[in-house]
Amino acid sequence: MTFTDWLRADRLPHIWCSGCSNGTILNCTLAAVEAEGWDRDRTVFVSGIGCSSRAPGYVATDSLHTTHGRALAFATGVKLAEPSLNVVVFTGDGDLAAIGGNHFIHACRRNVDMTVVCMNNLIYGMTGGQGSPTTPLGALSTTTPYGASEPAFDLVALAVAAGANHVARWTAYHVKELEKAVKTGLETPGLSFIEVRAGCPTNYGRKNRIREVTDMADHFRTRSMLKTKYDRLVAEGKPVPADAIVVGEFVRRANPAMGVAP
Amino acid sequence: MKLVIDENRCKGCNLCTQVCPYRIFSPGARANRKGILVPVLDRPERCTNCRLQALYGRTLCGVCQLTCPDQAIGWVSERPYEPVRIEVEY
Amino acid sequence: MTRIEFMQGNAASAEGALAAGCRFFGGYPITPSTEVAELMARKMPKLGGVFVQMEDEIASIAAVIGAAWTGKKAMTATSGPGFSLMLENIGFAIMTETPLVIVNVQRGGPSTGQPTMSAQGDMLQCRFGSHGDMAILALAPDSVQEMYDLTVKAFNLAERFRCPAFLMADEIIGHMRERIDVPDRVEVVDRKPFVPGRLPFEADDDRVPGFPTFGQGHHTHVTGLTHDARGYPVTTDPAMHDALVRRLVGKVEDARREIADYRVTNPDAEVVFICYGAPARTVRQLVADRPDDGIGVLRLRLVWPFPEHALAEFPNARAFVVPEQNLGQIAREVERHVRVPVIPVSKLGGELHTPDELARVYEEVRAR
Chain A
96 MTFTDWLRAD
106 RLPHIWCSGC
116 SNGTILNCTL
126 AAVEAEGWDR
136 DRTVFVSGIG
146 CSSRAPGYVA
156 TDSLHTTHGR
166 ALAFATGVKL
176 AEPSLNVVVF
186 TGDGDLAAIG
196 GNHFIHACRR
206 NVDMTVVCMN
216 NLIYGMTGGQ
226 GSPTTPLGAL
236 STTTPYGASE
246 PAFDLVALAV
256 AAGANHVARW
266 TAYHVKELEK
276 AVKTGLETPG
286 LSFIEVRAGC
296 PTNYGRKNRI
306 REVTDMADHF
316 RTRSMLKTKY
326 DRLVAEGKPV
336 PADAIVVGEF
346 VRRANPAMGV
356 AP
Chain B
23 MKLVIDENRC
33 KGCNLCTQVC
43 PYRIFSPGAR
53 ANRKGILVPV
63 LDRPERCTNC
73 RLQALYGRTL
83 CGVCQLTCPD
93 QAIGWVSERP
103 YEPVRIEVEY
Chain C
23 MTRIEFMQGN
33 AASAEGALAA
43 GCRFFGGYPI
53 TPSTEVAELM
63 ARKMPKLGGV
73 FVQMEDEIAS
83 IAAVIGAAWT
93 GKKAMTATSG
103 PGFSLMLENI
113 GFAIMTETPL
123 VIVNVQRGGP
133 STGQPTMSAQ
143 GDMLQCRFGS
153 HGDMAILALA
163 PDSVQEMYDL
173 TVKAFNLAER
183 FRCPAFLMAD
193 EIIGHMRERI
203 DVPDRVEVVD
213 RKPFVPGRLP
223 FEADDDRVPG
233 FPTFGQGHHT
243 HVTGLTHDAR
253 GYPVTTDPAM
263 HDALVRRLVG
273 KVEDARREIA
283 DYRVTNPDAE
293 VVFICYGAPA
303 RTVRQLVADR
313 PDDGIGVLRL
323 RLVWPFPEHA
333 LAEFPNARAF
343 VVPEQNLGQI
353 AREVERHVRV
363 PVIPVSKLGG
373 ELHTPDELAR
383 VYEEVRAR
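Residue numbers (our numbering), protein chains in the order written: chain A, 96 to 357; chain B, 23 to 112; chain C, 23 to 390.
Hints listed in this document are in silico derivations from the structure and should not be mistaken for laboratory results.
Do not rely on the hints blindly, as some may be mistaken.
Think about it this way: if two alpha-carbon atoms lie no more than 25 Å apart in a straight line, the pair counts; the simulated DMTMM-like pairs of lysine to aspartate or glutamate are [to be verified]:
hint	chain 1	residue 1	chain 2	residue 2
1	B	56	A	307
2	C	214	C	203
3	C	68	C	27
4	C	214	A	272
5	B	24	A	134
6	C	68	C	212
7	A	322	A	272
8	B	56	C	259
9	B	24	A	338
10	A	271	B	109
11	B	56	A	136
12	C	68	C	57
13	C	273	C	292
14	B	24	A	100
15	A	271	A	134
16	C	273	C	200
When you get a sec, could you build the whole thing from the sequences and use the hints?
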C-alpha cells in the first residue's frame, strides 16, 4: 500500500490550479496517515470551505465537507461522539483564521484529539485572490490593491497560546519534513496543528512577483529558516529577515486532551 | 521499475523538474491534447526507487511523487527484456 | 406504565430526548432554553452519551451534525438569537440529509428583544430562514406533557425523513411547571440503514436514502455542495440540482397528509380558532367558558409541513381566527389556503392572550 491507495481515483484530476500546493500537502498528509497504518474505514477527513477544503473529497474515506469556517466544530462533534474514529481536518487560512477563528482557538483549548492541517496560501484562492488574515503587510491581492495594511496572524503562535498539544510549521517545499510532522501529529494525543505554507501561483504569486510555480518553490526554500536557527539568532540578538518563514516543531506536550480513544 | 507521468492528471507545473535529485524530469516542449506541456523524462528507470524498491520493500526517495500536486507521478514495473526478431524483407 | 411527575417544560424536553435515544448534546447557554442544556449536562454522562458546551450556537449545530454522522441521535437547544446563528448549518443539514433535533424556546425579538418573555416569532424563520428552497419539520407543544411527547416525535420524524426537526416551543411552555405522565418507554424510530452496494445518496421510493454511518467502511463523501447519488459535487448541472432540491423538499412536503398531527374540536363550527403553542391554552379556556357556542378549534401539533387539508375539516367555517404571539405568521399561511376571512389576533410583548380578549374577537367575528 502507498498513499495513492487513499485517493478517490475516480475524482482525479482535481480542481486545483496547476502548481497549487494543496495537492502536495494532500499527498504528504495521506503518506503520513498511511505510514501510521490507520484504517481507511475508521478515518474521517473534515473540512470547511475554500480551495483547501476540497481535499477530503479526493480521499477514499468517510469525509465531511462542511460550511465556511466551521470544520473544527463539525470535527469536534465527530470526534467526541465517536472517539474511536481518527479525525483529520483540512483547512485554509481564510477558513481557519478569519471566519473560523473562534472555533480554532476553542478547538485548541479543548485539545480535541485530531490533526489539523492548514494550507496557508496567504490568500482567498477560491474566490479569486482576496486578502486574508495571513496576507503579509504590503502584499497585493484584489482587496488590498495598494498592499495589505493589516498586520497578519501568526497561526502557530495562536495555536501554541490556545493550548494545542503539537504545533509545527513547514512549507509545501519540505515534503518529507511535512510528512514527518503530520505523522507526529497523528501520534500525539490532543490537537495537533500543522501550518503549511502553500503556494497559490494563480492568485498570490501572479500578483506578488512569484509568477512561476518553480519560483514559488524557490521562495519557500530560500526564505525558510529552521526554528533552532531562529531561536539562536534571537538569543544572540542578531537580526532575523522580516520575510523569514520559521519552520519546525514549535511545541509538543502532553496537556489534558479530549476525545482520546480509550 | 520506471517513472511515469499520467498525462491525464498532469497540469504541467514543472515542480518535478525542480525536485528530482537525478534530474530525470525536464520541462516539456510539446503540448498534449489537453494543451499541457507535460515534462519529458530522461531515462526514467534511473531513480533510487526504480532501482532499489524491490530490494528494500518500501518507497525510497519518492520526493517527486510526494511533491506532484496533481498525483500524476507513479512507478510502473517494466516488462522484462525480450529480444525482438526483426525480419527484413528483400 | 407511566410515572407521574411535576416538571418544567424545558426539563421535559430533555427527558423526552433522552427517552428517544438522544446521546449527543451540543449547546450554548441562552435564555430561555438553558435548562435543557443543564439537564443534559447532568444526565448525559450517566447514560454514556456526550454533552459538550460549544463556543457559540454555530459550533453547537456543527458539532451536532458531526455527531449525527457517527450514528448518534443528536440535538441542541436554543432561542431566537442562537437560532439565527444556526441557520446556515441548518441548510447544511438539509442538503446533507442529516437527522437532528433543535429545540427553539422562542423569546421576543427581533435582536436580543425580550430574553425572558414568550413569543412565537420564529415560525417563519424556521421554515424559510436558511437560504435556498427547503422543507423542514416543526412541532409546537402547548403543555409540559407535549414538550416531552413532541420532542420524542421530533426525533422520530427527523430520523425517518433524515431532515432537521424543530421543537418550536415558547418561553411560557418552556418555563412552565406542570404535571406530566412520563411513560416507561416510548416508540422510537431509527434512521433507515444503508444497504452496502448502493450509492450513499441513492434514494428509495420514499425519496430517503439509507444512512451510511461514518466508520463502517462506506467511504461516504458528505458535502453541502449540490451532489449526485455518489455524494460527489456536481455544481454546474442544472438538472442535477433541480432533481436534488425537489427530492429534498418533496420527501417532507409530500408526506404532509400522512404525518399531519392536529386536534379538531367542533368541526361543524362557523367560527374556527387555529392555534399552536401557548395561545392554544387560552383557546381551550375560551371553549370551556362557552360550552354552548360550539367554537371550532384546530390545534396544530405539527406546524410544518402545514396540514392545509385540515382546514377542510371545518366545512361550515365562515372565518378563521388565529391567535399568535407574533404579527400573524401562521395566519398568513392559513390565508393561502382558504377563501373565508382569516383574522390574526396578534399579541406581542410576551404575555398570553387572555380569554376575554379572544372572547371579544369571537363575538365580533360571530356578529359579522
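A quick look at each hint next to the structure:
no.: 1; hint: B:56 with A:307; in the structure: 20 Å, holds
no.: 2; hint: C:214 with C:203; in the structure: 30 Å, violated
no.: 3; hint: C:68 with C:27; in the structure: 21 Å, holds
no.: 4; hint: C:214 with A:272; in the structure: 45 Å, violated
no.: 5; hint: B:24 with A:134; in the structure: 29 Å, violated
no.: 6; hint: C:68 with C:212; in the structure: 22 Å, holds
no.: 7; hint: A:322 with A:272; in the structure: 13 Å, holds
no.: 8; hint: B:56 with C:259; in the structure: 22 Å, holds
no.: 9; hint: B:24 with A:338; in the structure: 40 Å, violated
no.: 10; hint: A:271 with B:109; in the structure: 51 Å, violated
no.: 11; hint: B:56 with A:136; in the structure: 36 Å, violated
no.: 12; hint: C:68 with C:57; in the structure: 18 Å, holds
no.: 13; hint: C:273 with C:292; in the structure: 34 Å, violated
no.: 14; hint: B:24 with A:100; in the structure: 19 Å, holds
no.: 15; hint: A:271 with A:134; in the structure: 22 Å, holds
no.: 16; hint: C:273 with C:200; in the structure: 36 Å, violated
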